[in-house]
Every structure is written in C-alpha cells, then in structure tokens.
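Q: Using the sequences and the accompanying hints, generate a full structural model.
Residues in the sequence shown are numbered from 21 upward in steps of one, following the numbering used here.
The set of hints was computed from the structure by calculation and includes no laboratory data. Cβ coordinates follow ideal geometry from the N, Cα and C atoms, glycine included. It is possible that part of the hints are untrue.
Said to hold, decoys possible - Per label pair, the in silico range of CB-to-CB distance:
(1) Y203 <-> Q468: 54 to 64 Å
(2) M224 <-> G278: 49 to 59 Å
(3) P471 <-> Y203: 51 to 61 Å
(4) E339 <-> T469: 17 to 27 Å
(5) I107 <-> E455: 49 to 59 Å
(6) Q325 <-> Q110: 33 to 43 Å
(7) L214 <-> N390: 35 to 45 Å
(8) R229 <-> E452: 42 to 52 Å
(9) S441 <-> F87: 42 to 52 Å
(10) N456 <-> Q176: 44 to 54 Å
(11) E190 <-> F87: 19 to 29 Å
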Amino acid sequence: MRGCSSCTKPPQRQDMSVCMTNCPTLIVTVGLPARGKTYISKKLTRYLNWIGVPTREFNVGQYRREFVKIYKSFEFFSPDNEEGLKIRRQCASAALNDVRQYLTEDAGQVAVFDATNTTRERRETIIQFAEQNGFKVFFVESVCEDPDVIQENIVQVKLGSPDYTNCNTEEAAEDFMKRIKCYENSYEPLDEVLDRDLSFIKIMDVGQRYLVNRVLDHIQSRIVYYLMNIHITPRSIYLCRHGESELNVNGQIGGDSGLTAGGKEFAKKLSQFIQAQGISDLKVWTSQMKRTIQTAEALCVPYEQWKVLNEIDAGVCEEMMYEEIQDHYPLEFALRDQDKYRYRYPKGESYEDLVQRLEPVIMELERQENVLVVCHQAVMRCLLAYFLDKTAEELPYLKCPLHTVLKLTPVAYGCKVESISLNVDAVNTHRERPENVNVHRTTRDALQTVPPRQTAAGPPPLSADRTPSPLTADRPPSPLTADRPPSPLTAAGPPRLSADRTPSPQTAAGPPRL
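A: This is how it looks when you write it as structure tokens:
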C-alpha cells in the first residue's frame with residue numbers, strides 16, 4: 021500500500037527493546053519555500069524527543085549548503101538548471117541514506133525529512149525508499165496563501181540564512197521571492213482524491229484549517245494532535261517556582277508546607293513584576309499545593325489550579341532531608357544519583373513519570389498565548405527541558421532557583437530565555453550529581469553536593485568513616501526500584517526523554533482537562 025509500507029519485515033535494529041513503535045516512521049514535509057516547514061520540523065522533533073520517541077530532523081537545505089559552499093542566486097533552483105537539479109537530487113539522496121542509517125542502525129524511531137518535496141515524482145521516490153526499508157511514511161504539508169504571513173516568514177527567518185550573508189535585505193528578499201517562483205509552476209499539492217491512499221495532514225494558512233487523511237497508528241495520531249495545537253502568535257510564557265517554603269528552609273523535600281516570610285515577600289514582588297509587564301490577557305496556572313496557591317493569591321488575579329502541576333511524588337522519602345534519606349535508604353539514594361531521570365522513589369514517581377504527567381500541560385501551553393505557571397522545581401525542570409530541547413541526562417539538573425522568573429519567548433527555530441531575579445533572598449535547593457554514585461560510597465561522598473541549610477542549628481556533621489547501619493546498607497533491594505524491569509529506553513545510548521505508554525485520551529485524542 022502506498023504511503024504505509026509493510027512492517028512484516030522490519031529492519032534489523034541494535035536493540036528492539038527500545039522501540040516504542042511497531043516500525044520506524046518517516047515524516048516528510050511538503051510545501052513551497054517560506055511556508056514554515058522547518059519551523060514545524062524542529063518543533064515536532066523537539067516534542068517527540070521530549071515524550072520519549074527518539075527523533076532526528078534531516079534538512080535537505082543543510083546538505084545543499086555543505087555541497088555548494090557559495091550560494092549565487094535563485095537560478096540554482098530554476099527548473100531549467102540541469103546542474104542545480106542534479107545537485108539537489110544528490111543532496112536528497114544523501115539525506116535519505118542518513119535517514120536509513122538513523123532508523124536502522126542508530127536506534128532512531130522517527131526521522132523528519134525536511135524539504136519542499138513539491139512533486140508527486142519526488143514523493144513517489146520517497147515512498148519507494150520507505151517501502152524498501154520497512155518504514156511507515158507520514159506527510160506533513162503546509163499551505164499558505166497569505167502574503168503577509170509569507171513576507172513575515174521571509175524577513176524573520178530566510179534573510180538570516182547563510183545563503184544571504186553577503187546581501188542587503190532588499191536584494192535577499194527579492195532573490196527569495198524569485199526562488200519561490202521557481203517551485204510554483206511544478207508544485208503538486210497533496211490531493212484528498214489522488215493521494216487518498218497516503219497518510220498525511222495538510223495545514224492551511226498557519227492552522228486556520230486542517231485536512232487529515234488515513235492516520236494509522238498512535239504515533240501519527242499524536243503528531244496530528246500536536247500539530248493542531250501549535251500556533252505562531254507572538255507570546256510569552258513565564259515560569260517560576262513558588263515562594264520559599266518552610267520545608268525548603270529545613271532542607272526537606274516534597275511535603276505541602278506554607279510560605280516563609282521571604283516566600284511571602286517574593287509573592288508580593290512577583291505581583292509587582294507581572295503588573296509591570298502590562299499583559300491584560302495573562303493566564304495564571306498553579307498546582308494544587310499550598311505554596312503555589314499562596315504565591316498566586318498575592319497576584320490578585322484569577323488563576324487555575326492543575327493537579328498535574330503538583331511536585332514530583334517522593335514516596336517514602338516525602339518530607340525527609342537528604343541526610344535522612346542517606347541514613348535510612350542509602351541504596352535508593354545511590355540508585356537515584358546513578359540515573360536521576362528514570363529512578364522512581366519507592367511508592368513515588370520518577371522524572372520520567374513526571375514528563376508523562378505533564379504532557380497535557382505542554383499541549384495547553386502550545387494552544388495558549390501569555391501564561392504564568394507557578395510550579396515546583398522538578399515540574400519546572402520538565403517544562404524547561406521541552407522548550408529548551410534538553411536531554412534526559414540534562415533535565416534533572418537544570419537550575420531553577422527560588423524567587424527567579426524565567427520569561428520564555430518562542431522564536432523562529434527555538435526559544436529565547438530571560439532570567440529575572442526579583443531580589444528576595446532564598447535558600448538554595450539545587451543538588452548537583454555527586455562524583456561518587458557507587459552504592460558502597462561513604463556518607464560524606466553521598467552528601468557531597470547537598471546544599472547548605474540556613475537554620476540556626478546548621479547542617480548535621482558528616483561522618484566520613486561511618487559504616488551504614490545493617491538495617492539500611494545490607495537490606496535487600498527495594499522491589500519498587502532495584503528489581504523493577506528497566507525502562508525500554510535505557511539501553512540505547514544517551515536517551516532522550518522517555519514515556520513508555522499508550523497516550524491517554526487527554527493527550528492523544530483531545531484537549532486536556534484542567
């Protein structure tokens with residue numbers, strides 16, 4: 021069947037246990053230049069990696085720039101330029117070869133082939149390539165006839181391209197418009213009748229309308245749902261933690277304590293900061309925990325409470341200090357340091373679990389315009405990892421200090437970040453990964469990176485030579501941690517953010533519930 025190659029003989033992969041799909045998927049963009057294909061490709065790649073689907077983008081334009089070091093003019097793209105046509109075909113072929121290697125040898129699950137692919141002949145070549153290699157194909161076409169949107173895209177993105185480093189703005193814009201003309205005469209859009217056997221989504225006028233055809237699996241359905249939620253309206257997303265809490269000061273994790281005097285002062289400063297931003301339509305979200313609600317109350321504006329924004333559940337370690345965790349659960353403490361992203365607290369959660377829980381929040385953030393999210397350290401790390409495209413290894417160690425606001429402004433191919441301290445003193449709750457993560461390490465090594473507590477009594481003394489109690493050091497591994505089956509994504513090199521699950525109706529089929 022065209023567009024949905026048979027997967028009865030999938031390619032040999034290094035480790036089939038890491039595969040979240042029944043066979044690799046090749047996403048193919050379609051559309052004239054300056055229609056947002058690369059924008060879509062990059063956002064989709066970032067999203068799929070964040071939810072745990074190893075994905076890579078292959079931009080044919082980059083291959084062309086490596087092959088042709090100096091760009092001269094639009095004439096390279098003229099349909100009458102045989103030499104240019106030959107080079108472009110070679111570049112597309114090189115990109116597809118890299119796609120094959122990524123999906124068959126490098127444990128990739130989704131590849132995004134980012135190019136114009138405006139003719140049926142080119143798309144048929146890609147389909148044949150996919151069928152030969154056992155890949156599914158899903159087309160993403162972006163159609164836009166609004167001259168203002170096209171012009172804005174050219175100015176914001178294309179004029180900064182390496183192709184136009186030595187041109188002034190007017191010359192570059194004129195040349196790019198002529199480049200578009202080179203494609204228009206041969207452009208064959210996806211057609212709901214002629215291409216009825218293909219799997220695709222057609223995005224019209226930057227999301228004003230959609231045409232979806234033959235969605236065949238849960239990965240494709242998640243792609244469709246995600247693409248129907250993103251938009252290009254200029255906006256800002258503000259992320260901050262709650263004000264300093266009583267348990268923060270005590271060095272205890274989790275819990276549901278109220279704010280300290282410093283935390284309440286931060287809430288007042290946050291209100292002043294938000295008012296100074298002058299955003300009339302700002303939405304405010306909090307968790308259902310006391311410290312975020314108390315922080316938001318000071319804003320004197322309506323706010324929504326999201327249970328999914330609650331802090332990571334530390335299970336049996338809730339309201340414990342790191343010293344207590346090391347005392348009572350030294351094995352668990354070491355296992356968490358070894359793989360902080362996937363480690364799950366006994367009777368609690370892992371960062372991997374938290375990413376799954378927060379997917380509806382990401383979807384809603386993509387749908388909204390200006391939003392302030394008052395949340396918690398682990399939650400803020402997960403949200404930041406999505407917007408900044410961070411790996412699973414980086415995510416649990418992202419710095420999210422108290423009493424600091426991060427302003428995220430989505431731009432063409434990424435996200436601009438501003439860090440604004442509101443100048444209210446607070447304790448440091450950030451713990452780096454210690455050098456020694458061995459289960460037989462000393463207490464001093466285990467607590468090496470624990471931040472100091474600002475209490476009258478000070479931190480308890482560390483006993484470097486203390487032998488752990490037989491009740492803790494020699495106890496059998498917890499069945500909730502040491503004996504549980506490893507995540508399918510742990511065996512494949514530096515993994516991205518993983519989520520081994522079938523999507524819930526809230527994330528795969530419809531908008532999330534607040």
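Q: All hints are to be evaluated individually against the structure, with a verdict given for each.
A: Now the hints, each set against the structure:
A beta carbon spacing of about 59 Å between Y203 and Q468 agrees with the range 54 to 64 Å that was offered as a hint. For the pair M224 and G278, the beta carbons lie near 50 Å from each other, so the given range of 49 to 59 Å is met. A C-beta distance of roughly 56 Å is found between P471 and Y203, which places it inside the suggested range of 51 to 61 Å. Against the hinted window of 17 to 27 Å, the Cβ-Cβ separation of E339 and T469 comes to about 21 Å, which satisfies the hint.
Checking the proposed 49 to 59 Å range against I107 and E455 shows it holds: the Cβ atoms sit about 50 Å from each other. Our hint of 33 to 43 Å for Q325 and Q110 is violated, since their Cβ atoms are close to 56 Å apart. Here the CB-CB span from L214 to N390 is close to 42 Å, well matched to the stated 35 to 45 Å. Between R229 and E452, the C-beta spacing of about 49 Å keeps the proposed range 42 to 52 Å intact.
For S441 and F87, the Cβ-Cβ distance of about 47 Å falls inside the hinted range of 42 to 52 Å, so the restraint holds. Taken as a hint, the range 44 to 54 Å holds for the pair N456 and Q176, whose Cβ atoms sit roughly 48 Å apart. Our hint of 19 to 29 Å for E190 and F87 holds, since their Cβ atoms are close to 28 Å apart.
Comparing the model with each earlier hint shows a violation of hint 6 alone; every other hint is respected.
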